[in-house]
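Chemist: One line per chain: the protein sequences are V and U, in this order. Residue numbering for the first sequence follows my numbering, beginning at 52 and increasing consecutively. Residue numbering for the second sequence follows my numbering, beginning at 112 and increasing consecutively.
Derived by calculation from the structure, the hints in this document are not laboratory data. Among the hints, erroneous ones may be present.
Capping the alpha-carbon separation at 27 Å, the derived lysine-lysine pairs in DSSO-like fashion look like this [said to hold, decoys possible]: (1) U:LYS746 <-> V:LYS196; (2) U:LYS413 <-> U:LYS461; (3) U:LYS413 <-> U:LYS329; (4) U:LYS413 <-> V:LYS121; (5) V:LYS198 <-> U:LYS155; (6) U:LYS616 <-> U:LYS663.
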Amino acid sequence: MKRFILITVLCGIMLSVQIMPLRAQGRGFDEYEVKAVFLANFFKFVEWPTHGRYYRLCIYGSDPFGEHVKILDGMKIRGKTLEIRRPVSVRAVNDCNVLFISSSERRRIHALLDAIRGLDLLTVGDTEGYAQEGVMVNFYIEASKVKFEINLDSIKRSRIGVSSQLLKLGRVVDHE
Amino acid sequence: MDHKKFGKKVVLLRGLLLQTLLIVLFSGAFHILRGMEPEPQTQKDLVAMPIEELMGVGVSTVLGASRYEQHISDAPASISIITSEEIKRYGYRTMADVLNSVRGFFVTYDRNYNYLGAGGFLRQGDYNTRMLLLLDGHRMNNNIYDTAAVGNDFILDLDLVDRVEVIRGPGSSLYGSNAFFGVINVITKGSSHITGLEVSAEAGSFDTNKQRASFGRKFGNGLEMIVSATRYRSKGQNLYYKEYDSPQTNFGSSDNNDLEDYSSFFTNFKFSGLNVQAAYGSRRKGIPTGAWSTVFDDDRTKSSDAQGYIDVNYHKRFENSQDLVVRLFYDYYRYDGKYLLDYPPLTMNKDLALGKWWGTEAFYKGKIGDRHTVIAGLEYRDNFLQQQKNWDDSPYANYLDDNRASYSIGAYAQGEFTITDQILLNAGGRYDHYKDFSGRFNPRVALIYMPADKTAVKLIYGEAYRIPNAYELYYSDGNISQKANPNLDPETIRTYELVLEQHMKGFRVSLSGFYYDVNNLISQQTGADGLLVFNNTGRADGKGFQFEIERKWSSGVSGRFSYAFQEVKSNDDDVDFGNFPKHLAKLNFFTPIISNRLSAGMEVQYASAQRNLNGTDDGGYALVNATFLSEKILKNLDLSFSIYNVLDKKYSNPASGEHVQSDIEQDGRTFRLKATYRF
């Protein structure tokens, strides 16, 4: 009986003791909650050639974020206000800064990238192969963590500047 | 059943349950007392984090939308994926456990091997020859029995599995022989999952224990490595078979004959496109059932399997998303069977099967324009040793010494054509030529219609075939129980499938129907001379439908329910096939109990009655399994406790022809405690 109590107490303590900060363990987060926050963070590391009062985050194609980007709408980043938009056609992406391209566009990705060539956009996706196709930043999941790959060529060819601090965090993919 | 033992078991169980409950209460109370510490439980907390820390936030990837879901809807097949997370959550010990949770799949056990059935099809005496098992793309079915080993004889420790992809339907259009009812592709963990040294220990019912040590590392120059070794021992249980209940055969008790042990080794090195993988596993199992007329209740009757391979592949990515993969492999397989027979006198009869083969494969993936993808490949396999022996030890008598060699050449191509934004055509085929068998072309065509982004309708037609293996063709034990049939022809299958997949917020629903038609079916029969023999037994057709719904809630709770109906008939005499339940229902449910500390996974598996070789039904069963999991209980420690067959349901699986028993009773309630520590 003594051993029984001892084991129970020990196990109980083990269950309760928190050594690591919880956030590193989290199982509760949806991947799109995390990806949304990443998107907001990207604004801190990118310079656009034109300036305005707003930062615009556009979600193109079928929206996987839903409620998870609500928190970002109206947020202040480097003195500017973040706006979320969901453009329905390529013509409406002109004033976007970050363009998230949903995986629903995977069969049109080539044509889409051709159509927006020359615009000052940080293109982001989360579909296998997007980075190779020319999307600048592409999320992937590794060991239950959100990571991203970077297409350096695409960034170099555009007029936007991406801080080396961000580039260091991503995995650089080969050419197109 | 021994009543004293039974009583002890109940007390032990009650104690364990009480203890678990107390632990949960205690830690829950402690948790509340600790009060509200700043924990990033909400997305708001994430926003406040620097990006470097954001990279370390764990996400739940069950149904990881971006990673697999899209692939699944584009794929020309109905696919199920079981992740390493689910393996942990539901306490799966073997591939058999994993596959038993998959819609429409069914695994039986005869205390020697595990047998896998799908689409209502599981023939007695078949060592999983109609399912192709791949490990990171490497073919695992051996070249003697064609076995897809899914029990403890599977070469890889389940802890090293990242995910299992189950691709239903004929896969011969890409993979050649054996991909008859489906392809199971097991994908191993990389050095991003195992970082540094990891050790794991398990203890379970019937003196079962397992230890594993793994080491993984990613070096600065890009080199990635994994090395892992596992050892398993189980004393097994004392069993009772009423068929042997007579004074000469220990009144039906088979004591200390259910032992099982295995050891396995796995290593993988990756360096800029080059991937070198080696694995070896050997497993020994006592045969407690008196199969093949062996002496009942004697621990000298055993089977041992050993398998190993080295696979070197190089993956080169070119411009415009072109890929080239070249693979070179060497495989080894050995079976040792020891059967104590009483002719009289008592004589040890032995089997030896030795297979060695090597092969090479080249695979290209490219694009035609922007919208179409093509893959093409060539494969050559050289079975330079296919040896089967059977003999008596003393007095020495040789019954079989069969040495064969064979080869196969296959060429395949598949294209994915985007017809419109909503319609995808996937068409492909493979031509195989095997030594001693005429060549055959197996096509597969799938039309995928996506009327809305989250909806996919697939219409699939495919053909597959299977070459009779060396065992079916040439094995005989001197005509004691089994004889050879070198005149067997390949069996073929045509399959039609209609699949509907629908994704909604947090939901995934899939509905499918299938019909197939098997020709030249290879079946084990008992001939007029009383000997087991494999024959081409004409035609059979099967039909069925499957339904699955999967849901993930934002609270971390997830669940999955599936139902499958299947029916298979022989076309020649219109008789229903047995050995497989007509109805299969599976429920998996996972819930966190105390935030991130403790969670529980539960599964319920129902199978309706199956008919055995005597033509009687076993009545069916429903099983409940439960696992309590505590991940990162301490910084580096995971603990889990599983109870299998919680209700201690007495149930059986139909036995094949080598048994006197028509059904083999399965395990009652068993336990497993598992701890994993990362240094």
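Chemist: Take the hints in turn and mark each one as holding or not.
Modeler: Hint check results:
| no. | hint | in the structure |
| --- | --- | --- |
| 1 | U:LYS746 <-> V:LYS196 | holds, 17 Å |
| 2 | U:LYS413 <-> U:LYS461 | holds, 10 Å |
| 3 | U:LYS413 <-> U:LYS329 | violated, 42 Å |
| 4 | U:LYS413 <-> V:LYS121 | violated, 63 Å |
| 5 | V:LYS198 <-> U:LYS155 | holds, 20 Å |
| 6 | U:LYS616 <-> U:LYS663 | holds, 9 Å |
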